[in-house]
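Q: Okay, so the sequence shown: first residue is 9 according to this note's numbering, each after it adds one.
Rather than coming from a laboratory, the hints here were simulated on the basis of the structure. Since we're looking at a predicted model, the values are computed, not measured. Ideal placement from N, C-alpha and C gives every residue a C-beta, glycine not left out. Warning: the hint list may mix true and false statements.
Stated by the list, open to error - Pairs of lysine-lysine residues, derived as DSS-like cross-links and limited to a Cα-Cα distance of at most 27 Å, are as follows: (1) K70 x K59; (2) K70 x K111; (3) K59 x K77; (4) K13 x K77.
Said to hold, decoys possible - Ranges between beta-carbon positions, derived for each pair: (5) S45 x S24: 21 to 29 Å; (6) V31 x N11: 26 to 34 Å; (7) L65 x E89: 19 to 27 Å; (8) G106 x I48: 45 to 53 Å; (9) F36 x Y121: 43 to 51 Å; (10) G106 x V46: 41 to 49 Å; (11) K62 x Q27: 26 to 34 Å; (12) G53 x E15: 15 to 23 Å; (13) L65 x E99: 27 to 35 Å.
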Amino acid sequence: MSNQKFEWCVDLSDYSGTQSFNVLSSKFGDGYEQNVSVGINNRSGTWQISKTGKKALIQEIKTFFDAHKGADSFLWDSPLEGEVRVKTGTEYTPVKIGGDIWKISTTFTQVFYP
9 MSNQKFEWCV DLSDYSGTQS FNVLSSKFGD GYEQNVSVGI NNRSGTWQIS
59 KTGKKALIQE IKTFFDAHKG ADSFLWDSPL EGEVRVKTGT EYTPVKIGGD
109 IWKISTTFTQ VFYP
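Sequences are here, hints too, so could you generate the full structure?
A: Set out below in structure tokens:
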């Protein structure tokens, strides 16, 4: 866990996020269903993000991701949620657009610590 912050603004044209609830559900034979939320952090998010820019900028972001090794979390300002603690997970994708312009994409997954 690190208190470093992902400071780069993401491309909003490629931005999408999903919020998920952790719920236990039991269904009974007569159609009755009982649901209960699980945990104090019952809602968590994942965000598909990308950033397009010059090669030097994309290399900075790549270095940031590499330093966190897919396991260490960091802080990020989600455009809708505000500041959240996230990690990149196991992969990111750099793509050459043309000339000196590159795009890097990954999925941020929200994590929680006591």
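Q: All hints, please: hold or fail.
A: Structure-based check of each hint:
1. K70 x K59: holds, 11 Å
2. K70 x K111: holds, 11 Å
3. K59 x K77: holds, 19 Å
4. K13 x K77: holds, 15 Å
5. S45 x S24: 21 to 29 Å: This hint holds: roughly 24 Å between Cβ atoms.
6. V31 x N11: 26 to 34 Å: holds, 31 Å
7. L65 x E89: 19 to 27 Å: Taking Cβ atoms as reference, L65 and E89 lie about 24 Å apart, which means the hint holds.
8. G106 x I48: 45 to 53 Å: holds, 47 Å
9. F36 x Y121: 43 to 51 Å: violated, 37 Å
10. G106 x V46: 41 to 49 Å: Between G106 and V46, where Cβ atoms are some 47 Å apart, the hint holds.
11. K62 x Q27: 26 to 34 Å: 33 Å Cβ-Cβ, so the 26 to 34 Å window holds.
12. G53 x E15: 15 to 23 Å: Given range 15 to 23 Å: holds, Cβ gap about 19 Å.
13. L65 x E99: 27 to 35 Å: The hinted range 27 to 35 Å is violated for L65 and E99, with Cβ atoms some 20 Å apart.
In summary, the structure is inconsistent with hints 9 and 13 from the numbered list given earlier, while agreeing with the others.
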